[in-house]
Every structure is written in C-alpha cells, then in structure tokens.
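A.B. asks: Read top to bottom, the protein sequences are chains A and B.
Following our numbering, the numbering of the first sequence begins with 1050 at its first residue and continues without gaps.
Following our numbering, the numbering of the second sequence begins with 1050 at its first residue and continues without gaps.
By construction, these hints were calculated from the structure, which means they are not laboratory data.
Some clues are possibly wrong.
Remember, identical chains collapse to one label, so a pair may be satisfied in a single copy or spanning two.
Derived pair list, reagent style SDA-like, types lysine to any residue, alpha-carbon separation capped at 25 Å [as the list claims (entries may be wrong)]: (1) Lys1303 - Tyr1384; (2) Lys1156 - Thr1474; (3) Lys1460 - Asn1403; (4) Lys1438 - Glu1204; (5) Lys1286 - Asn1382; (6) Lys1177 - Lys1189; (7) Lys1189 - Pro1157; (8) Lys1189 - Phe1231; (9) Lys1377 - Glu1348; (10) Lys1201 - Arg1469; (11) Lys1481 - Leu1254; (12) Lys1189 - Lys1492.
There are 2 protein chains.
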Amino acid sequence: MLHQRALRHLKVTVLCLVLTVVVLRGTIGAGKFGTPEQDLDEIRQHFQTSRKRAEPHRVLEEIQTGGGGGGGDSGDGGGAGSNNYETFDINKIFVDEGEEEKPDPNKPYTLGPKISDWDEQRSDWLAKNPSFPNFIGPNKPRVLLVTGSAPKPCENPVGDHYLLKSIKNKIDYCRLHGIEIFYNMALLDAEMAGFWAKLPLIRKLLLSHPEIEFLWWMDSDAMFTDMAFELPWERYKDYNLVMHGWNEMVYDDKNWIGLNTGSFLLRNNQWALDLLHTWAPMGPKGKIREEAGKVLTRELKGRPVFEADDQSAMVYLLATQRDTWGNKVYLENGYYLHGYWGILVDRYEEMIENYHPGLGDHRWPLVTHFVGCKPCGKFGDYPVERCLKQMDRAFNFGDNQILQIYGFTHKSLASRKVKRVRNETSNPLEMKDELGLLHPAFKAVKVQQTNQA
Amino acid sequence: MLHQRALRHLKVTVLCLVLTVVVLRGTIGAGKFGTPEQDLDEIRQHFQTSRKRAEPHRVLEEIQTGGGGGGGDSGDGGGAGSNNYETFDINKIFVDEGEEEKPDPNKPYTLGPKISDWDEQRSDWLAKNPSFPNFIGPNKPRVLLVTGSAPKPCENPVGDHYLLKSIKNKIDYCRLHGIEIFYNMALLDAEMAGFWAKLPLIRKLLLSHPEIEFLWWMDSDAMFTDMAFELPWERYKDYNLVMHGWNEMVYDDKNWIGLNTGSFLLRNNQWALDLLHTWAPMGPKGKIREEAGKVLTRELKGRPVFEADDQSAMVYLLATQRDTWGNKVYLENGYYLHGYWGILVDRYEEMIENYHPGLGDHRWPLVTHFVGCKPCGKFGDYPVERCLKQMDRAFNFGDNQILQIYGFTHKSLASRKVKRVRNETSNPLEMKDELGLLHPAFKAVKVQQTNQA
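Here chain A stands alone, though its shape is the one from the complex (with noise of 0.2 Å):
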C-alpha cells in the first residue's frame, strides 16, 4: 500500500516536473530557469502532502476582463444621434486601456502571499467583533452565497436575460434563507480567467470577510428548484467543502464528473487557504492550462480533450491526495446541491403531481444546474432551443413556488403569465402560506453574541 502510494507521488511528481519544464523552456529558454532539481522541488512543493507553499510573493499585474473593444465616441452603430437601440453597436462605446502587464515567466503562479496562521487571525478578530458574529443562529452559519458573470454583454442577445432570471431566483431562495449574495463581475486576475476566476475572488472574499463562515459558490447557469430546503448545516459541522458527489467516482475511478465545483460550500478556515493554493496551479492561462488538460484528460475518467478545468483539478486533487484533504472534504448526494439538468427537466410535472418542496432530492431538486448549456456564448454542447427552453421552466417551477406565496403561480411551466390561484382577503394575516415560506422558521433568526469560531 505505501509502495503504492509511493509509486503514486512520484508519478505525479514527474508529471508536473514535465509540466512545468515544457512550458517554461518552451517560453524562456533552458538557461534562466536553472537545473531540474530546482524545477522538481518548485513543482513539489505545490503537490505534495504536507501542504507547504512556494514562497515567491508577486504582485498581480494589471488584468484584463478578456473583452471591452476599441474606439471612442460614435460610430456606425446607430449615428451620433440615434436614440435607436437596434443597430447600436455596444463595442464602438468602450476605450481600451493600456496594454496589459504579462506575468513573470520566472515566477510560479500564486493566489497572494502565504498566510498560515488564518484561523488564529481570524477568531481574534471574531472575538473583538461581536456585532459580525459567523453564526447568525443556532445551527445557522452566516453563509455568503457568491456567483457572478463577465463584465460584457453575452454574444449572443438573450444570454443576458437568463443571467437576469438567473440572479432573481437567487435571490428570491437567498432572501428566504437568510443568506447574503455576492455577485462578482470583475476579472481579479487575468491569469485565472473563466472557470478558474472564482479562486482569487473566493480567496479574497474569505479573507476580507472572517464573519463568513460558509462560502457558498454558486454557477451563473445554476438555479434554485426547491426553495423550501434548507441546507443541513449540522451535517457538514466537521467539514470544510461540501460538494455533490460520489466517493466512488472520484477516489476509485477517477471520474472526471464524479464531483460539481459549480455549486459547493467552503469553511472560511486555514484549510481552505490550503486547499485554494493547491487546487491554483493548473489554472493559469495559456501553456499551463493546456498542458494540465492533457494531464487530466489522461488520469482522469472520462474527461474530453480540452485545456484545464478547475473540477477536474479538483477530482484529480482528491483522488491523487486523499490522504491529506480527504477527511475533511463531504461529498454529499442525499440532496441535490447540484443537479444534472438533462435527467430533471423532464420530470418537473411529475414531481409536481407527486411531491412538495423542501425535500431537495430527486423528487424536488434543490438545484437544477444547466451544464453545457452555456447561453451567454455563441455555442453550447446542446441545442440552443432545449436548453432555453428547459431553463425557463426551471424558472419557472422556482419560481411558482415564490408566487404561491402571494397567491399566484405560472400559467403553466412554460409561460411568463401567471393567474391567481388564491382571492385577495381583507385579512391577509390570517391567510395559511402552504408551505410556510412567508415567514419561513429557518429565517427567523437571532444573533448570537457569543461566536463559535
């Protein structure tokens, strides 16, 4: 077994010593990076099991948010003066700014400087700071849901309509649970674009926000379905990330969809600190990414060729280092904290005939998340028609559950209207909210003063 494992590290390590020298004699030249020693214990020390850092510390360049256009003023968009939005062009609007800074080649990339002693800053400053207390109940941790899209307009026109729709249904679940949303459309570090954003921004809001105890990172392209259930927080009180998963498909086969990073908790805590540095490598753009795609498509289970991603990582993470991370980590599939679109869509009638809100599961899923389905961009890995389709009638089966508060639903699951289905009262407080949404109990908190840090 430690034979094994053994044999494991090494793999791995020889991997990533390939890795990196590919790409950085591939870009500088063999003299300036020095002998492959210093290359494996650079590699090393992002991988191995101890968790120790590289130390280099660097400031991020200026980024770029990956669009934005060119010219100044006018255009032939829609003339000087058109107060015609049709032919109007969006780009010609928007200046360039300066040339970006590329990053040092020498320098391995990093997240921020290292920081090891998190948990003590942090419950010192919870204790001087008992207005921010990271529970807000008993058995409530103050949750920062956080989710967000690029700063331009989507390629295609009705992207940014489902992006609308998507955020409402987030916040009309966040609202009734008590939980605050944070919805990011800055590129904080041009390296880390698309999938991989979400590390340095999840990175600085922890880091910023110690009275978070619970960062809940959420897709654009996910939607809430049960808006009755509330997460089991007592469940997850000895772990630090809970994703929807299986123990099976990622540390047995390696599976490349045996776990969803579009839609996890993290512990505000040194371990996450951890876990984001190690978890960062393979994301920087360009050779890196690629390379690390060919990695992973080869380890992994399943996986189709295509450059870094930050759940494969994330599989391959676990699966090569179970040993480190692994008893902290709770892949949970007792509820659906992500769910597959393509076997849900189907059976929202049925669930509706059979079923309630507040089980989250296959009979009322908490999350319908449509992977693939990628609206804000020219193509999807499906046809453009069922997605949007679908994606309004997960709206709307949400949805419905927010109007039945106030005595309304959707005319059906495909259609904007809605109709009334309770009569307006002269003593509306008197009315029973059927499924006790209105003032639901998981909201009606109080603050603690004491924190459990």
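With chain A's structure known, arrange chain B on it following the hints.
C.D. replies: The following block gives chain B in isolation, referenced to the frame of chain A:
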C-alpha cells in the same frame, strides 16, 4: 379660502364625472350604467378627502404579461437541433396560454378588498412574532427594496445586460446596508401594466409582510452611486411617504416633475393602503388611462401629451388633496433619493477629485436615475450612445466603491477592466478600509425583541 377649496373640489369631481361617463358610455352604452347621480357617487368615493372607498370586491382576472409570442417547437430561428444561439428566435419557444379575460367594465377598478384596520392587524401580528421585528436595530427599520422588469427579453439586445448590471448594483448597496430585495418579473394585474404595475405589487408585499416597516420602490433604470450613504431614517419617523421633490414645485406649480416616483419610501400602514387606493384610479389601461392622461396634461405644468403615469397622478393627488395627505409626505431634496442623470454623469470625475462617498447629494449622489433612456425598449428619449456610455460610467462609479473594499478599481469610469490598487497582505484583517464599507456600522445590527409598531 374655504370657498376656493370647495370650488376646487367641485371642479375635480366634475372632471372625474365627465371622465367616467365618457369612458363608460363609450364602451357599454348609457342604458346599463344608471343615473348621473350614481356616476358622481362612484367618482366622488375615489377622490373625496375623507378617504372612504368604493365597496365592490372583484376577483382579479387572469392576466397577461404583455409578451410571450406564439408557436411550439423548433422554428426557423436556428433549426431543431442547432446549438447556435445567434440565429435563434427566442419567441418561438413560448406558448401563448389561453385567452385573457377582459375586466368587467361595470365595476370600477380596485386594488383589492377594503381593509380599514391594517394598523391593528399589523401590530397584533408583530406582537405575536417577535422573531420578525419591524426594527432590526436602534433607528433601523426593516426595509424591503422592490424593483423589477418585464418577464420577456428586452427588445433591444443590450437591454438585459443593463438590467443585470443594475440589479448587481442594487445587490451591492443592499448587502452593505442590511436591506432585502424583491425583484419582480410577474404582472399581477393586467389592467395595471407598465409603470402602474408597481401599485398592486406594493400593496401585495405590504400586506404579506407586516414585518416590513418601509418598502423602498426603485426603478430598474436607477443605480446607486453612493454606497456609503445610509438613509436618515430618524428624519422620517413622522412620515409615511418619502420622495425626492420640492414642495413648491408640487403644491404651488403642480409641475409634473415636482417629485419622482422612481425611488421612494412607503411605510407599511393603513395610511399607505389608503394612498394606494386613491392613487390607483388613473391607472387602468385603455380609455381610462388615456383620458386621465389628458386631464393630467391639462392640469399639470410642463407635462407632455401621453397616457396617465403614476408620477403625474401623484403630483395631482398631492396638489389637489394636500390637506388629506400632505402632513405625512416628505418631499426630500437634501440628498438624491432620486438623481436625474443628465446633471450628474458629466461631473463624476470632478466628484472624485473633490469629494467622497457618504454625502448622498449633488457632491456624491446616492442615486443616479436614467429617466428617459429606456435601454430595454427600442427607442428612448435620448441618443443611445449617450445613455449607454453614461450608464456604464455610473455603474463603474458605484462599483469602484465596492471594489476598493477589496483593493481594486476600474481602470477608468469607461472601462470594464479593473486594476489592483492595494497589494495582497498576509495580515488582511489589519488593513484599514478607507470608506468603512467592509464592516459598516449600519450593518452591525442587533435584533430587537420589542416591536416599534
């Protein structure tokens, strides 16, 4: 004085009588309606100063959202199996659900059944539900910010992108200030479409949520540009309605822009219900709204010709019924609860140079409101480029105040790109956030057990 007032009342009554008779006899014929005396009675009940209301209880009919196209599957937008969003026609996937029922022309419009004991109902409920107090801190009322947009995609491609940025902007302000958000996308009452849609919505939310002390309505085209400004709640303790405006312009001049209903506070009490009831009658779409529009254009100063809008109706209501409502209405002009964009957006750089957030007024406006821009529609009142460019600048102006908390800022007010302005540190909690927005005092609230109903 009394003589003049009596004459004014009579004039109002006669005008309304003429209005109703014209409308009703035009639609249903003279025979069904009865005598002029009965007509006069109905009208008088709506506009009389003692606030007695018309009795009929009418169940709201099924409503339309004002959009939603036709067709079932597929269509020529992109082919049945196409993954290409660019050529896809969104309207092909929606089903037109049933016919809408027409409102009964015999019955005057009403927002709902008469309630005259709402203060008692509400205080009883608050006493029984100490976990949902209406004050969440000393001098800190529970506030619900209400906004929204139509359920269908914007006619112009970038409109939804601006709605998205606008709601992110509101999420940021409200998170800092402990305010909850309700984003509405449902048309609750087909007759009160467009700008009047807020009335049934506001009434519904007040009656459903007795724990709300103030409802803050805010248009989707209004943005927060001072993230540090907390509303002076104490100033309003004896008032029920707060709007930006000027007494002289409303009461003396009857100027149609003497106040603004794009951003206002309404306290949750009987007075508010009575106000909504009195405000509503000019709203029902069709002939009533058109004819009411003519009255308003004639009676108010500077008003263009168009159907009755809620803002003009409010000016008219206050100017003609000052004795009834005036003592509980605060026309605020000490800061920009609503700030007309035209006189603000070109000064942002000057503001940054000379002032700082937290002022809320002409030096650093709380709200920049893009009246007339209409980015969701096809045509606005101003050139498209001017509107969109300035909306981006306003968004960035506000967003910079959020980003600076985390050590970033936009490269310029015109740029989507952000740049770092503060290095990462291994002691993030020792960092002083200049604006005090990281853990703002107005957020450090304790839950009070006693309700101040």
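A.B. asks: Quick check: which numbered hints come out false for this structure?
C.D. replies: 7
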